[in-house]
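Build the full structure now, drawing on both the sequences and the hints.
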Amino acid sequence: MPRHSGIRVDVASLDGYIAGPGGDMAWLTEHLTGDNPTAERLLANVGAILAGNRTFGGDDPNRGTDSEGAFGGRYHGPVFVLTHRPPAQPPADVTFVGDLHSAVAHSKEAAGEKYVNILGADVAKQCLRAGLLDEILIFFAPVLLGDGVRMFDDPGGARVRLMPLPGETAHWYSVVR
1 MPRHSGIRVD VASLDGYIAG PGGDMAWLTE HLTGDNPTAE RLLANVGAIL AGNRTFGGDD
61 PNRGTDSEGA FGGRYHGPVF VLTHRPPAQP PADVTFVGDL HSAVAHSKEA AGEKYVNILG
121 ADVAKQCLRA GLLDEILIFF APVLLGDGVR MFDDPGGARV RLMPLPGETA HWYSVVR
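For the sequence shown, UniProt numbering assigns the number 1 to the initial residue and increments by one for each residue that follows.
Be careful, since some hints might not be right.
[Said to hold, decoys possible] Restraint ranges, calculated between C-beta atoms of paired labels, are given here:
{"hint": "1", "residue 1": "30", "residue 2": "156", "range": "31 to 39 Å"}
{"hint": "2", "residue 1": "157", "residue 2": "85", "range": "35 to 43 Å"}
{"hint": "3", "residue 1": "22", "residue 2": "93", "range": "25 to 33 Å"}
[As the list claims (entries may be wrong)] Taking lysine to any residue and the SDA-like style, the derived pairs with C-alpha atoms no more than 25 Å apart in a straight line are:
{"hint": "4", "residue 1": "114", "residue 2": "96"}
{"hint": "5", "residue 1": "114", "residue 2": "37"}
{"hint": "6", "residue 1": "114", "residue 2": "154"}
{"hint": "7", "residue 1": "125", "residue 2": "162"}
{"hint": "8", "residue 1": "125", "residue 2": "154"}
{"hint": "9", "residue 1": "125", "residue 2": "172"}
{"hint": "10", "residue 1": "125", "residue 2": "26"}
{"hint": "11", "residue 1": "114", "residue 2": "44"}
{"hint": "12", "residue 1": "114", "residue 2": "11"}
{"hint": "13", "residue 1": "125", "residue 2": "77"}
{"hint": "14", "residue 1": "125", "residue 2": "27"}
{"hint": "15", "residue 1": "125", "residue 2": "99"}
{"hint": "16", "residue 1": "125", "residue 2": "138"}
{"hint": "17", "residue 1": "125", "residue 2": "83"}
{"hint": "18", "residue 1": "114", "residue 2": "177"}
{"hint": "19", "residue 1": "114", "residue 2": "95"}
Simulated from the structure, these hints should not be mistaken for lab results.
Beta carbons are placed, not taken as given, at the ideal position from N, Cα and C, and that holds for glycine.
Given below as structure tokens:
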């Protein structure tokens, strides 16, 4: 895998939601089972995670189990959280950063030659608007949620062209600048 400065990965419902009403992620539990060679290959090439504060503190469908956390609890590496409100006692293995450009720079440095995996609809939107998002990878789950948090909800936003990455799975795109 070539090095890219950022990749947005989502599991989305077929109607384009990444979370249910109120940010509920419990719907994902039944869709996170089974082998997925693309997800396995991606996990092996993630060098850092950049997440939004709502995603970081959100409703993990695997909370309280061995599968809690990114990639079903199998990701163990640097995590950066973009927020203006860091917790009073932050976890030792998480870095909280107050502005987008610094958060991206820190996560890219920590990732080295690997991917920065971006988690959170708002952070992805900010990265896309700032020209900091290179790729988008989406896994679609066979469900219609009908309501919730949309994958790329940006009313009044600019049109963004995407190009399928040659030789990759469906729904893995590069952002055309």
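Taking only the CA atoms, is the gap from residue 125 to residue 154 under or equal to 25 Å?
The given pair, whose Cα atoms are some 7 Å apart, holds under the 25 Å limit.
Between residue 125 and residue 26, does the CA-CA distance stay at or below 25 Å?
23 Å, holds
Has the hinted range 25 to 33 Å been met by the Cβ atoms of residue 22 and residue 93?
27 Å, holds
Quickly compare the C-alpha distance for residue 114 and residue 11 to 25 Å and report which way the hint goes.
21 Å, holds
Could you see if the CB distance from residue 30 to residue 156 stays within 31 to 39 Å?
This hint holds: roughly 35 Å between Cβ atoms.
Cβ-Cβ distance between residue 157 and residue 85: within 35 to 43 Å?
For residue 85 against residue 157, whose Cβ atoms are near 25 Å apart, the range 35 to 43 Å is violated.
Restraint status (C-alpha distance of residue 125 to residue 138 at most 25 Å)
This hinted pair holds, its Cα atoms lying about 15 Å apart.
Verify the proposed pairing of residue 125 with residue 162, using a straight-line Cα cut of 25 Å.
At roughly 14 Å apart (the allowed maximum being 25 Å), residue 162 and residue 125 satisfy the hint.
Against the 25 Å threshold, does the CA-CA distance of residue 125 and residue 83 hold or violate the hint?
Holds: residue 125 and residue 83 sit about 14 Å apart, inside 25 Å.
Going straight from one Cα to the other, do residue 114 and residue 37 come out at no more than 25 Å?
18 Å, holds
Is it true that the CA of residue 114 sits at most 25 Å from the CA of residue 177?
Answer holds: residue 114 to residue 177 is near 21 Å, not above 25 Å.
Take the C-alpha atoms of residue 125 and residue 99, compute the straight-line distance between them, and say whether it is at most 25 Å.
The given pair, whose Cα atoms are some 14 Å apart, holds under the 25 Å limit.
Of the hints listed earlier, those the structure fails to meet are numbers 2, 6, in rising order.
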